[in-house]
Amino acid sequence: MGKLRDPDCNPLQARAETVLTDYAARAQAASGPRGRKPRRRLSGRNIMIYGTLFVVSVYYLLPLWVMVVTSLKGMPEIRLGNIFAPPVEITFEPWVKAWAEACTGLNCDGLSRGFWNSVRITVPSALVSIFIASVNGYALANWRFRGGEAFFTILIFGAFIPYQVMLYPMVILLREAGLYGSLTGLIVVHTVFGMPIVTLLFRNYFTSLPEELFKAARVDGAGFWGIYFRVMLPMSLPIFTVAMIIQITGIWNDFLFGTVFTRPNLYPMTVQLNNIVNSVQGVKEYNVNMAATLLTGLVPLAIYFASGKLFVRGIAAGAVKG
Amino acid sequence: MQPSIAIRDLTLAFGAVEVLHDLNLEVGQGEFLVLLGSSGCGKSTLLNCIAGLLDITDGQIFIQGKNVTWEEPSRRGIGMVFQSYALYPQMTVEGNLSFGLKNAGLPRAEIAARVARAARILQIEPLLKRKPAALSGGQRQRVAIGRALVRDVDVFLFDEPLSNLDAKLRADLRVEIKQLHQQLENTMIYVTHDQVEAMTLADRIAIMKGGSIMQLGSPKEIYNRPANRYVAEFIGSPTMNMIEGNLDMQITPSFSAEGMSVPLQTYAFGSDAASGPAVFGIRPEHVEAGEGAEAMPVRLDAAVDLVEPLGSDTLVRARAGDRNLWARMPGQPDLRPRQPLRLGFDPARAHLFRLSDDTRL
Amino acid sequence: MRAEAAATGRGATSPPPSAAPPRRLLRNLTAKIAAIPMVLTALVVFLGGTVWTVVYSFTSSRMLPRAEFVGLEQYDRLWSTRRWVISIENLAIYGLCSLVFSLVIGFVLAALLDQKIRYENAFRTILLYPFALSFIVTGLVWQWILDPEFGLQSIIRGLGFENFTFDPLYNPDIAIFGILIAGLWQGTGLIMILMLAGLRGIDGEIWKASRVDGIPAWKTYLFIIVPMMRPVFITALVLITSGIVKLYDLVVAQTGGGPGIATEVPAKYVYDYMFGGQNLGQGFAASTMMLLAVAIVVIPWAMLEFGGKRRG
Ligand SMILES: Nc1ncnc2c1ncn2[C@@H]1O[C@H](COP(=O)(O)OP(=O)(O)OP(=O)(O)O)[C@@H](O)[C@H]1O
Ligand SMILES: [Mg+2]
Numbered sequence: 001m002g003k004l005r006d007p008d009c010n011p012l013q014a015r016a017e018t019v020l021t022d023y024a025a026r027a028q029a030a031s032g033p034r035g036r037k038p039r040r041r042l043s044g045r046n047i048m049i050y051g052t053l054f055v056v057s058v059y060y061l062l063p064l065w066v067m068v069v070t071s072l073k074g075m076p077e078i079r080l081g082n083i084f085a086p087p088v089e090i091t092f093e094p095w096v097k098a099w100a101e102a103c104t105g106l107n108c109d110g111l112s113r114g115f116w117n118s119v120r121i122t123v124p125s126a127l128v129s130i131f132i133a134s135v136n137g138y139a140l141a142n143w144r145f146r147g148g149e150a151f152f153t154i155l156i157f158g159a160f161i162p163y164q165v166m167l168y169p170m171v172i173l174l175r176e177a178g179l180y181g182s183l184t185g186l187i188v189v190h191t192v193f194g195m196p197i198v199t200l201l202f203r204n205y206f207t208s209l210p211e212e213l214f215k216a217a218r219v220d221g222a223g224f225w226g227i228y229f230r231v232m233l234p235m236s237l238p239i240f241t242v243a244m245i246i247q248i249t250g251i252w253n254d255f256l257f258g259t260v261f262t263r264p265n266l267y268p269m270t271v272q273l274n275n276i277v278n279s280v281q282g283v284k285e286y287n288v289n290m291a292a293t294l295l296t297g298l299v300p301l302a303i304y305f306a307s308g309k310l311f312v313r314g315i316a317a318g319a320v321k322g
Numbered sequence: 323m324q325p326s327i328a329i330r331d332l333t334l335a336f337g338a339v340e341v342l343h344d345l346n347l348e349v350g351q352g353e354f355l356v357l358l359g360s361s362g363c364g365k366s367t368l369l370n371c372i373a374g375l376l377d378i379t380d381g382q383i384f385i386q387g388k389n390v391t392w393e394e395p396s397r398r399g400i401g402m403v404f405q406s407y408a409l410y411p412q413m414t415v416e417g418n419l420s421f422g423l424k425n426a427g428l429p430r431a432e433i434a435a436r437v438a439r440a441a442r443i444l445q446i447e448p449l450l451k452r453k454p455a456a457l458s459g460g461q462r463q464r465v466a467i468g469r470a471l472v473r474d475v476d477v478f479l480f481d482e483p484l485s486n487l488d489a490k491l492r493a494d495l496r497v498e499i500k501q502l503h504q505q506l507e508n509t510m511i512y513v514t515h516d517q518v519e520a521m522t523l524a525d526r527i528a529i530m531k532g533g534s535i536m537q538l539g540s541p542k543e544i545y546n547r548p549a550n551r552y553v554a555e556f557i558g559s560p561t562m563n564m565i566e567g568n569l570d571m572q573i574t575p576s577f578s579a580e581g582m583s584v585p586l587q588t589y590a591f592g593s594d595a596a597s598g599p600a601v602f603g604i605r606p607e608h609v610e611a612g613e614g615a616e617a618m619p620v621r622l623d624a625a626v627d628l629v630e631p632l633g634s635d636t637l638v639r640a641r642a643g644d645r646n647l648w649a650r651m652p653g654q655p656d657l658r659p660r661q662p663l664r665l666g667f668d669p670a671r672a673h674l675f676r677l678s679d680d681t682r683l
Numbered sequence: 684m685r686a687e688a689a690a691t692g693r694g695a696t697s698p699p700p701s702a703a704p705p706r707r708l709l710r711n712l713t714a715k716i717a718a719i720p721m722v723l724t725a726l727v728v729f730l731g732g733t734v735w736t737v738v739y740s741f742t743s744s745r746m747l748p749r750a751e752f753v754g755l756e757q758y759d760r761l762w763s764t765r766r767w768v769i770s771i772e773n774l775a776i777y778g779l780c781s782l783v784f785s786l787v788i789g790f791v792l793a794a795l796l797d798q799k800i801r802y803e804n805a806f807r808t809i810l811l812y813p814f815a816l817s818f819i820v821t822g823l824v825w826q827w828i829l830d831p832e833f834g835l836q837s838i839i840r841g842l843g844f845e846n847f848t849f850d851p852l853y854n855p856d857i858a859i860f861g862i863l864i865a866g867l868w869q870g871t872g873l874i875m876i877l878m879l880a881g882l883r884g885i886d887g888e889i890w891k892a893s894r895v896d897g898i899p900a901w902k903t904y905l906f907i908i909v910p911m912m913r914p915v916f917i918t919a920l921v922l923i924t925s926g927i928v929k930l931y932d933l934v935v936a937q938t939g940g941g942p943g944i945a946t947e948v949p950a951k952y953v954y955d956y957m958f959g960g961q962n963l964g965q966g967f968a969a970s971t972m973m974l975l976a977v978a979i980v981v982i983p984w985a986m987l988e989f990g991g992k993r994r995g
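Chains as they are written, first to last, in our numbering: chain A, 1 to 322; chain B, 323 to 683; chain C, 684 to 995.
Be aware that one or more of the hints could be misleading.
[Unchecked claim] Cut-off 27 angstroms, straight-line C-alpha distance, at most; resulting in silico cross-link-like pairs (DSS-like, lysine-lysine):
(1) C:K902 x B:K453
(2) C:K715 x B:K424
(3) A:K37 x C:K902
(4) C:K799 x A:K309
(5) B:K531 x B:K500
(6) B:K424 x B:K388
(7) B:K451 x C:K902
(8) A:K37 x C:K799
(9) C:K715 x A:K215
None of these hints come from the bench; they were simulated from the model.
Quick caveat, the model's predicted, so the values are computed rather than measured.
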């Protein structure tokens, strides 16, 4: 580029200099505005934009802040002070208590039980539902068969049906299968109700892959599973991650299925949390409650902050489904 | 006379990337200037700077003698037409034409008069009540031009207005734009990467590359005396034949390359021509083949390599030694590959460029 | 896969006389077997379950489902139950407010973020994080913040405004707004993200054209951009609506339906009657009403969406 600016090889510039009209000369002498338009950093517009965003951000961050500071205070400090104030004396006792000692009904072994239940529910549910949905999506996208789209349409409409409508039939089905109240039963429930969105996600992804890939593999004689495991899976890591994010946060945050389809010893963390905080007996220990709440929110928050853009992509995909 | 648009030392950078470098340009009153260049050379960027849609990094811009460097686009006295038309989809054609005027607080009667005039000029009167979605591409583009027209300004800016249209429509609208210019007589700056559009529309063409103007001149000048190798190869189709060799200015000037020597007494040399490695260029339409070759001062023996019949004329790639030369032959000569072919040309129509910096000799 | 479809089509029109039927069934057999979970879910749970519930809403089921049809009796009873009527009122208020506020706030925030600002990512992360949380967590935090004895009200009183009252969770008249605040806190980020994607999808030349026309930014948004974003608004509307009808966990956590029955919602009514009150018929009728509410929004939307696509 520097070469081009050499007057020798840029005839225009040579020309422009010789052709400078007296008008232009005058203009240059008079100078006037030149270069970048000066902008004040604190223009009214900027103050409005950043001001609004700042205020909104405070509103959004406030609950997180309140959770954290409350959970680090002792009860006397909470009774006297202000819920927004940082703790004068930091104590981790509420966390310990929430984790290991808080009571629900007769059990007093804290949220840890709910945490482990949630892990036992979330991990297999997410894996099973993603495996099944990805195979469905793959079958729909690459192995078009009669009626496939019709079932898929029902599935997508199903995503809009309030769960309450299908709750009782599901109870009956599980009871008939002898799975009601068991971990397996809950895994089935999560797989069934997670199917629309995850299937949609995979179907759209596999449809977007070049068709030649699939055809080439078929010509090479690979079958349904061969193509799935050796061609499709290795290419789908990002979409599997997105599906993982959706399913893990969704299943971890579930409350309704947890209450309906499990017994108290299997209650997931959300259900147990609600029972701890909203139990009517005993003195309210707000700091323990907030520590428990924060503990429950920790897993999805960690996933959210760690996954960033992928999370957004996941909810965008979910939003399309509705 | 004061220029309609004057650009002084314009520099524009996006962050650390400098897209326009120290650019100077003057456009006369009523002139039709075309900015031509390959993709990404900064044509749109330059146009947006003139329109005030981009904040320039350094330099000044004058429109009708007024320094508008810091002025808002709407107050620069320009109208602009975009590649994607950028019509407001939810408004009727009439709404599209009048929205800006209404917003500027013009009296109703004045708005109606201007819209009517624009509609008459562009022949879109029957379409006024329609929405853009119900228009064809050509009609949309006319409405887009109309939106610039109603602004009643001295300067029109076009950013590839025809590139979303099919070839036939493009040719039709090209003629219409030319007529519009003749009728309105206002200044127009027109961005395109289509050289036919540039040659047919322009009073002057500015050829851009990498954010600088390589040459500014009338279409004839650009075609006949390209200032450097880039311009020479950019203009004309098929592209100019280029042969690398040596220029000898001793006694009688001549150009020699492997297996050929061309006397250059009739060539109009620039002032700084000197002996040394050079590139010799000749356009295919200036290469005569067959019988016509015999009348030419320089002749070569070659063999037909490839034939591309175009109907009105025929393009021939001929092989002379280990060199390929394109020639354009009139009509539809009957040629077969490997058939011997005489080529000839007039060195007066050739172009010579210094090899080291590609400038014209 | 287009070839695949074509092959099936050809098979249907001109089948080789003898072998056609079994082959069509066996074609892609593995794929069909692999899709069985989807087919079962769609047919048995979604379609079958829904039909079953609707049918049984016309029966006198109490403790157990019982196929004794009583016509619209359950619905009569439903609409004469004060708790149900309040639930519907609450849902209407919550729904309307949350629709309006989510759309307006979501759009405004997206427009602010779209101004080529610094720290866009940080702001976006902050506005969206509540969406990752469980409604239970959201409900419990806001229960704590809105606690009149310790929360917002006591703090503002502490600042000297002795008579300041803001105790939505203890005042039946405004309790539903306490839930609305929490609901908006959790849900607006999603709408904002949708709107932002919509804004980013708008042709930049539209903005240039409006600047050349001298139209102020707010007018461009109002008269040009918002009309152009209609599909995004409709998607958002459908999303918010189906979310509103499902509103359950938040209420359970934040107020438990109280004070009294001031914040009852239909989904909670269904749950309580089905699993607590041992009155299945009521639960079925109520859930059928929920289904109806969703259908009123989703079906026209789907027709618009898919009908529109077919036209091109
Ligand atoms: N907002 C931006 N940020 C950074 N670089 C940019 C931006 N806009 C354009 N550029 C760069 O500036 C250069 C010139 O872009 P410009 O759009 O002016 O090209 P153009 O000549 O109009 O090309 P085309 O014919 O493809 O429209 C390109 O290299 C482009 O990558
Ligand atoms: Mg461009």
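Hinted pair K37 (chain A) and K799 (chain C), Cα distance within 27 angstroms: holds, 17 angstroms
Holds or violated: K451 (chain B) and K902 (chain C), Cα atoms, limit 27 angstroms. holds, 22 angstroms
Taken at face value, is the distance from the CA of K388 (chain B) to the CA of K424 (chain B) at most 27 angstroms? holds, 25 angstroms
Under the criterion that the straight-line Cα-Cα distance not exceed 27 angstroms, is the pair K902 (chain C), K453 (chain B) satisfied? holds, 20 angstroms
Does K531 (chain B) pair with K500 (chain B) here, judged by a C-alpha cut-off of 27 angstroms? holds, 25 angstroms
Mind checking the alpha carbons of K799 (chain C) and K309 (chain A) for me, to see if they're no more than 27 angstroms apart? This hinted pair holds, its Cα atoms lying about 18 angstroms apart.
Given pair status - K424 (chain B), K715 (chain C), alpha carbons within 27 angstroms: violated, 62 angstroms
Measure nothing beyond the straight line between the CA atoms of K715 (chain C) and K215 (chain A); if it is 27 angstroms or shorter, mark the hint as holding. holds, 19 angstroms
Quick one, are K37 (chain A) and K902 (chain C) close enough, alpha carbons at most 27 angstroms? This hinted pair holds, its Cα atoms lying about 24 angstroms apart.
Violation of the numbered hints given earlier is confined to hint 2; every other hint is satisfied by the structure.
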